[in-house]
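In order, the protein sequence lines correspond to chains U and C.
In terms of the working numbering, the first sequence opens at residue 24 and continues consecutively.
In terms of the working numbering, the second sequence opens at residue 114 and continues consecutively.
If you're looking for bench data, these hints aren't it; they were derived computationally from the structure.
Mixed in with the good hints, there may be bad ones.
Unchecked claim - Just so you have them, the derived chain U footprint on chain C, three or more residues with Cβ under 8 Å:
| no. | segment |
| --- | --- |
| 1 | 173-181 |
| 2 | 217-226 |
Said to hold, decoys possible - Partner residues aside, some chain U positions facing chain C, computed with beta carbon under 8 Å:
| no. | residue |
| --- | --- |
| 3 | 33 |
| 4 | 66 |
| 5 | 113 |
Unchecked claim - Straight-line alpha carbon distances no greater than 20 Å define the calculated SDA-like cross-link-like pairs of lysine to any residue that follow:
| no. | chain 1 | residue 1 | chain 2 | residue 2 |
| --- | --- | --- | --- | --- |
| 6 | C | 182 | C | 116 |
| 7 | C | 182 | C | 135 |
| 8 | U | 32 | C | 198 |
| 9 | C | 162 | U | 32 |
| 10 | U | 32 | C | 171 |
| 11 | U | 32 | C | 224 |
| 12 | C | 171 | C | 153 |
| 13 | C | 162 | U | 118 |
| 14 | U | 32 | C | 158 |
| 15 | U | 32 | U | 108 |
Remember, predicted model here, so these are calculated numbers, not experimental data.
We treat Cβ as the ideally placed atom computed from N, Cα and C, and that holds for glycine.
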Amino acid sequence: NAGVTQTPKFQVLKTGQSMTLQCAQDMNHEYMSWYRQDPGMGLRLIHYSVGAGITDQGEVPNGYNVSRSTTEDFPLRLLSAAPSQTSVYFCASSRLAGAHGGELFFGEGSRLTVL
Amino acid sequence: AQSVTQLDSQVPVFEEAPVELRCNYSSSVSVYLFWYVQYPNQGLQLLLKYLSGSTLVKGINGFEAEFNKSQTSFHLRKPSVHISDTAEYFCAVSDSSASKIIFGSGTRLSIRP
């Protein structure tokens, strides 16, 4: 059972570089989301999607882009990385959107360092 | 907009002692409440959730939580903790008007033998 798969697990970038964090789920979940985890700040919602072709902003969307062309995939793009984006990123999916009390299933995280 | 406050960043307890992890939320509409656990170097997994009905919710690994609407709280409890409960615990909230799940800052539970 693959569940939610995130790649890469680790990445080091230089300021100004771009990259994409990949997220794929094989549970046919409609809802997908990206969080970043920073010490003392818990998880903060970056972007989320309630279905293919639909995305919306979370609490901290600046500096990140997303798209949802298929149900399975929800990539997170950093167009010009900054040191403030050094964090651990989690992708999560749910059969039901948060408004319906759905359980989130998390990937194992991607640790990003921006120098 | 909803928000979640976890007042304690760290809670040390002795093995087999009871523990309570506090969570308060703010929202102007009906809410759904969750507790997630994160073991070292892993993603989060659901412990329990409150959607409606009984205010006392039982979850996995012997944890339970009580929804208190008047105090806007959803504290997590366990009567006797084990070394294996060492982890970080996150309270989360979503409301009926938005498809977002918002997390608190987390409480790190450390168990002393």
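- request: Assess, step by step, whether the Cα of residue 32(U) is no farther than 20 Å from the Cα of residue 108(U), and give holds or violated.
  value: holds (15 Å)
query: Should the interface hint for residue 66(U) be scored as holding, given a Cβ-Cβ cut-off of 8 Å against chain C?
result: Because about 4 Å separates residue 66(U) from the closest Cβ in chain C, which is inside the 8 Å limit, the hint holds.
- request: With a cut-off of 20 Å on the C-alpha distance, tell me whether residue 162(C) and residue 32(U) pass.
  value: Judged against 20 Å, a Cα distance of about 29 Å means the pair is violated.
message: Using the nearest Cβ pair, does residue 33(U) come within less than 8 Å of chain C?
response: violated (12 Å)
field: Straight-line alpha-carbon gap residue 182(C) to residue 116(C), limit 20 Å
entry: Holds, at roughly 15 Å.
message: Is the listed coverage of the segment 173-181 of chain C by chain U valid when you require three or more residues with a beta carbon under 8 Å from a beta carbon of that chain?
response: violated (count 0)
20 Å limit on alpha-carbon distance, applied to hinted pair residue 182(C) and residue 135(C): Status holds; Cα separation ~14 Å.
Proposed proximity, residue 158(C) with residue 32(U) (alpha carbon, max 20 Å): With a Cα-Cα distance of about 18 Å, the restraint between residue 32(U) and residue 158(C) holds, given a limit of 20 Å.
message: Check whether the Cα positions of residue 32(U) and residue 224(C) lie no farther apart than 20 Å.
response: violated (29 Å)
task: Would you mind confirming whether the straight-line C-alpha gap from residue 32(U) to residue 198(C) stays at or under 20 Å?
output: With a Cα-Cα distance of about 25 Å, the restraint between residue 32(U) and residue 198(C) is violated, given a limit of 20 Å.
message: Against the 20 Å threshold, does the CA-CA distance of residue 162(C) and residue 118(U) hold or violate the hint?
response: At roughly 15 Å apart (the allowed maximum being 20 Å), residue 118(U) and residue 162(C) satisfy the hint.
message: Less than 8 Å between beta-carbons is the criterion; does residue 113(U) satisfy it with respect to chain C?
response: Holds: closest Cβ of chain C sits about 6 Å from residue 113(U), inside 8 Å.
The structure is inconsistent with the numbered hints 1, 3, 8, 9, 10, 11 and 12, although it conforms to all the rest.
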